[in-house]
Amino acid sequence: MNNIIAGKNNSGQRIDKFLKEEIFFNGNTTRGEIVRNIKEGNVLVNKKTVKPSYILKGGDKVETNIPEKIIKLRSNEKIKFKIIFEDKNFVVINKPAGLTVHPSSAERKDTLASGLLAKFPEIENVGDAPEVRPGIVHRLDKDTSGIMIAARNRKTFLELKNKFKRREVKKTYWAVVHGNLGEPGSSGIIDKPIARSADYKKQTVAGTKTKTKIREAVTEYKIIKKFADYSLVEVSPKTGRMHQIRVHLKSIGHPIVGDKIYKLKRYSGANDAGRQLLHAKELSFNLFGKKYYFETDVSGDMKKFLDSLTNAGNEDRI
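All you need for the numbering used here is the position in the sequence shown, starting with 1, plus 724.
These aren't lab readings, by the way, just hints derived from the structure by calculation. Virtual Cβ for every residue (Gly too), placed ideally from N, Cα, C. Among the hints, a few may not be true.
Computed Cβ-Cβ distance ranges for the label pairs, DEER-style [what the hints assert, rightly or not]: (1) K772 x P845: 43 to 49 Å; (2) N1010 x E958: 20 to 26 Å; (3) R755 x K885: 25 to 31 Å.
Under the rule of at most 30 Å between Cα atoms (straight-line distance), these lysine-lysine pairs were calculated in the DSSO-like manner [what the hints assert, rightly or not]: (4) K885 x K802; (5) K950 x K804; (6) K950 x K894; (7) K1014 x K962; (8) K879 x K950.
Generate coordinates for the entire structure from the input sequences, incorporating the hints supplied.
Structure, rendered in structure tokens:
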């Protein structure tokens, strides 16, 4: 049984979409299953049954009795990833692009979580949802490469989770974006709240007519190199919203090269990298009285793309 009060930001939102975002957001329960349960009377609003199309009002009390499906994670020794560092408390890895972090409706078996479980079986019961995300403290999008950390015991998981929540973990990414964002060394801040789009398929910068839940989002960036039609940018998200970097860079007219979701039509004829060229490059934090700093080189496909720009006479090699 889940009980939740609809906030003012949820006013005007369909009940089925609301439940998918606020309660069943991990992908294990589909929108269709939510609709079926609403029709069967397993969802009440203000103690009454409703239709899936019911439009919420601020202050509505929503009660659900929808059993969430559990996908029992299986270890998978075939999952390949590079280990940057490990000790008794945590492991730092370099996630390759194309690898999903944990099981979802789109990918059940071939995930980073499965690979971690195979190599570090002690994480089986570590985390908020260890049956699907053992040891996972934070995540990267499937097509984003780079540095990630996973906890090896409960104490470390809770400590790292709180540090991410308190924004005490510094994360730095490199991204290749379309267009000229500025001169090397110049910097900027993107301070734009983010919300789910009306169809719930992606994130968007919130506006005055936004009906989904609005969340603060701040991203800092600095230009590393400038090419004729592209820029290499260092990006530091100060908040941890889903797709934040991708949404913010698109919002200022410079989407990430290869991004199939957050793109602009005027760049449709440009070179495509096959996936968004976004790489989690650095991670630093204090843990149990010790300072840690980790760094990874950009992935092979990203380096190849940058070298192709260099070979065209734009800049020095990366």
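Okay, the hints, checked on the actual structure:
| no. | hint | in the structure |
| --- | --- | --- |
| 1 | K772 x P845: 43 to 49 Å | holds (48 Å) |
| 2 | N1010 x E958: 20 to 26 Å | holds (22 Å) |
| 3 | R755 x K885: 25 to 31 Å | holds (28 Å) |
| 4 | K885 x K802 | holds (28 Å) |
| 5 | K950 x K804 | violated (33 Å) |
| 6 | K950 x K894 | holds (25 Å) |
| 7 | K1014 x K962 | holds (22 Å) |
| 8 | K879 x K950 | violated (44 Å) |
In summary, the structure is inconsistent with hints 5, 8 from the numbered list given earlier, while agreeing with the others.
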